[in-house]
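> Sequence:
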Amino acid sequence: MNPEQIRSLKKALAKPLEISMGREFDFFTKVNEALSYGIDGNVMHIHLRNISRYDYTEKEKLVIDGLRKLASVVSENVKIRTIRATSPLVARYPRQLKKLGLKTTGQISEELRLKYFKEETLPVHEAIMTREEFLAIYSSGPK
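Per our numbering, the very first residue in the sequence shown carries number 1; after that it's consecutive.
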């Protein structure tokens, strides 16, 4: 099989939730250098890409810029009701996520951990925000 056939097969077989919870795959949509996202039903899963090469100020600018760009996606897709981040980074940086408007809900269930984060050795937490909260903070146009 060539790479395109493999990608096509992965898309056909993978469930959207499985590819959007904390791991980046072929059809995870890149927003900018900092963020990408996947949509599963009425949930947008955001993923922080590896931006370790940037300093703190640059990282902050990239994340805010990415969230503002995501606001247009959320605004256009009325089915999205929840914005969610699930990863070890949520566990490690809850204060920073709170500053961004996300509410940490704590550690994910053992069932989700085994299903989506089996190889992860660090704690995995989740943070969420409603559509309305997200648009109120990051949308510059009509809400």
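Take the hints with a grain of salt, since some may be wrong.
[Claimed, not checked] PhoX-like cross-link-like pairs, simulated, lysine-lysine; straight-line CA separation at most 20 Å: (1) K79 <-> K99; (2) K61 <-> K99; (3) K118 <-> K103; (4) K69 <-> K30; (5) K59 <-> K79; (6) K69 <-> K59; (7) K115 <-> K61; (8) K115 <-> K59.
[As the list claims (entries may be wrong)] Quick list of the computed label-pair ranges, beta carbon to beta carbon: (9) G106 <-> E4: 38 to 48 Å; (10) K69 <-> E110: 26 to 36 Å; (11) S140 <-> K115: 16 to 26 Å; (12) V73 <-> T105: 17 to 27 Å.
Honestly, the hints are just simulated from the structure, not real lab data. In this text, a Cβ means the ideal position worked out from N, Cα and C, and glycines have one as well.
> Between K118 and K103, is the straight-line Cα distance small enough, at 20 Å or below?
violated (24 Å)
> So the hint says 17 to 27 Å: do the beta-carbon atoms of V73 and T105 match that?
holds (23 Å)
> Using the beta carbons of S140 and K115, state whether their distance is inside 16 to 26 Å or not.
With a Cβ separation near 37 Å, S140 and K115 fall outside 16 to 26 Å, so the hint is violated.
> Given the hint that K79 pairs with K99, does the C-alpha gap stay at or below 20 Å?
Distance of about 25 Å is beyond 20 Å: violated.
> Has the given pair, K115 with K61, been kept, meaning a C-alpha gap of at most 20 Å?
Answer violated: K115 to K61 is near 33 Å, above 20 Å.
> For K61 and K99, compute the direct alpha-carbon distance and say whether it is at most 20 Å.
Within the cut-off at roughly 14 Å; holds.
> Is 38 to 48 Å a correct range for the gap between the Cβ atoms of G106 and E4?
holds (41 Å)
> Please test the hint of 26 to 36 Å on the beta carbon pair from K69 and E110.
Given about 34 Å between the Cβ atoms, the range holds.
> Starting from K59, check that the Cα of K79 is at most 20 Å away, please.
violated (29 Å)
> Does K69 pair with K59 here, judged by a C-alpha cut-off of 20 Å?
holds (15 Å)
> Check the hint pairing K69 with K30 against an upper bound of 20 Å on the C-alpha distance.
Measuring from Cα to Cα gives roughly 11 Å; hence the hint holds.
> Mind checking the alpha carbons of K115 and K59 for me, to see if they're no more than 20 Å apart?
Since the Cα atoms of K115 and K59 sit roughly 30 Å apart, the hinted pair is violated (cutoff 20 Å).
In this structure, the earlier hints numbered 1, 3, 5, 7, 8 and 11 are contradicted, and the remaining ones agree with it.
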